Amino acid sequence: GDSVTQTEGLVTLTEGLPVMLNCTYQSTYSPFLFWYVQHLNEAPKLLLKSFTDNKRPEHQGFHATLHKSSSSFHLQKSSAQLSDSALYYCALSDNYGNEKITFGAGTKLTIKP
Amino acid sequence: EAAVTQSPRSKVAVTGGKVTLSCHQTNNHDYMYWYRQDTGHGLRLIHYSYVADSTEKGDIPDGYKASRPSQENFSLILELASLSQTAVYFCASSGTGNYAEQFFGPGTRLTVL
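Chains as they are written, first to last, in my numbering: chain A, 1 to 113; chain B, 1 to 113.
Because the hints were derived from the structure by calculation, they are not lab data. Quick caveat: nothing in here was measured; it's all calculated off a predicted structure. All residues carry an ideal CB built from backbone N, CA and C; glycine is no exception. Treat the hints with care, as some may be off.
Stated by the list, open to error - Listed below are the simulated EDC-like cross-link pairs for lysine to aspartate or glutamate, each with C-alpha atoms no more than 16 Å apart in a straight line: (1) B:LYS65 / B:GLU79; (2) A:LYS45 / B:ASP59; (3) A:LYS108 / A:ASP84; (4) A:LYS108 / B:ASP38; (5) B:LYS11 / B:GLU79; (6) A:LYS108 / A:ASP2; (7) A:LYS100 / B:GLU101; (8) B:LYS65 / B:ASP53; (9) A:LYS68 / A:ASP2; (10) A:LYS45 / A:GLU58; (11) A:LYS112 / A:GLU15; (12) A:LYS100 / B:ASP30; (13) A:LYS45 / A:ASP84; (14) A:LYS100 / B:GLU79; (15) A:LYS68 / A:ASP94; (16) B:LYS18 / B:GLU79; (17) B:LYS18 / B:ASP53; (18) A:LYS77 / B:GLU56.
What the hints assert, rightly or not - In silico contact screen, one side only, chain B against chain A (beta carbon under 10 Å); selected entries: (19) GLN37; (20) LEU45; (21) ALA87; (22) GLY105.
Could you put the whole structure together from the sequences, leaning on the hints where they help?
Written as structure tokens, this is what we have:
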């Protein structure tokens, strides 16, 4: 079945440093990949999603590139802000005609001054 | 703006009791989902539905039932609540298509004592 792996459970960075959150996946079919973000005491919401072509999705300074050869969809940002502190989920949809999304375990990102 | 509401927002239940969590969406979405969130496990799909009067099992359906009486409403039922079902529960809705964004409700914090 489908699976998503986020190797870091907790990431702590200093403001201004670059962010990279890892995401790898396994899927029988050619999946769509997503990043969802959940701020403290809020609901998860979509941050960005992969395109079918080679465009790189970007939102709020975050970007991610789908690498099918390595089955990865890492989330990156050049300079972290305090407001980026949140729980980040990588997720996939298996492109097999159903709407289920499989979520990773999540990475809690904490940005310190 | 998409809108998904959940009730109650928090609940304390006794072991062996019946619990019903309700979800209502005004997005005119066909798909609705129930997830539970636990630290270290991320978001796990319990049940979902793509049409009224029909529900599908997700990845962890044991101990849970679901009901979709209308397009707008989706309930999660714990017939015999257990300690292990203490968690935060999120409802979500989405349109059709694998690219469809899921819109989450605010969550229900359930504590089983």
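Here is how each hint holds up against the structure:
Of the supplied pair hints, the one linking B:LYS65 and B:GLU79 holds, its CA atoms being roughly 8 Å apart against a limit of 16 Å. For the suggested pair A:LYS45 and B:ASP59, the alpha carbons sit about 21 Å apart, so the restraint of at most 16 Å is broken. In summary, the hint linking A:LYS108 to A:ASP84 is supported, as the alpha carbons are separated by about 10 Å, within the 16 Å threshold. For the suggested pair A:LYS108 and B:ASP38, the alpha carbons sit about 13 Å apart, so the restraint of at most 16 Å is met.
About 15 Å separates the Cα atoms of B:LYS11 and B:GLU79, which keeps this hinted pair within 16 Å; it holds. With a C-alpha separation of about 22 Å, the suggested pair A:LYS108 and A:ASP2 falls outside the 16 Å cut-off, and the hint is violated. Distance hint between A:LYS100 and B:GLU101 is fulfilled; the C-alpha atoms sit about 11 Å from each other, no more than 16 Å. For the suggested pair B:LYS65 and B:ASP53, the alpha carbons sit about 13 Å apart, so the restraint of at most 16 Å is met.
Note on A:LYS68 and A:ASP2: the hinted pairing holds, with a Cα-Cα distance of about 15 Å set against a maximum of 16 Å. A threshold of 16 Å between alpha carbons decides the hint, and for A:LYS45 with A:GLU58 the separation of about 15 Å falls inside it, so the pair holds. A C-alpha spacing of about 6 Å is found between A:LYS112 and A:GLU15, which places the hinted pair at or below 16 Å, so the restraint holds. Distance hint between A:LYS100 and B:ASP30 is fulfilled; the C-alpha atoms sit about 13 Å from each other, no more than 16 Å.
Of the supplied pair hints, the one linking A:LYS45 and A:ASP84 holds, its CA atoms being roughly 14 Å apart against a limit of 16 Å. For the given pair, A:LYS100 sits about 25 Å from B:GLU79 by alpha-carbon distance, which is inconsistent with the 16 Å threshold. Between A:LYS68 and A:ASP94 the CA atoms are separated by roughly 14 Å; this keeps the pair inside 16 Å, and the hint holds. The straight-line distance between the Cα atoms of B:LYS18 and B:GLU79 is roughly 5 Å, inside the 16 Å bound, and the hint therefore holds.
Annotation: proposed proximity of B:LYS18 to B:ASP53 is violated, straight-line Cα distance about 21 Å (limit 16 Å). Restraint check for A:LYS77 and B:GLU56: the C-alpha separation of about 37 Å exceeds 16 Å, so the hint is violated. Here the hint on B:GLN37 is kept, as its CB sits about 9 Å from the closest CB of chain A, short of 10 Å. Below 10 Å, beta-carbon pairs count as interface contacts, and B:LEU45 has one with chain A at about 6 Å; its hint therefore holds.
The criterion of a C-beta within 10 Å of any C-beta in chain A is not met by B:ALA87, whose closest approach is roughly 14 Å, and the hint is violated. Because the beta carbon of B:GLY105 sits about 6 Å from the nearest beta carbon in chain A, less than 10 Å, this interface hint is met.
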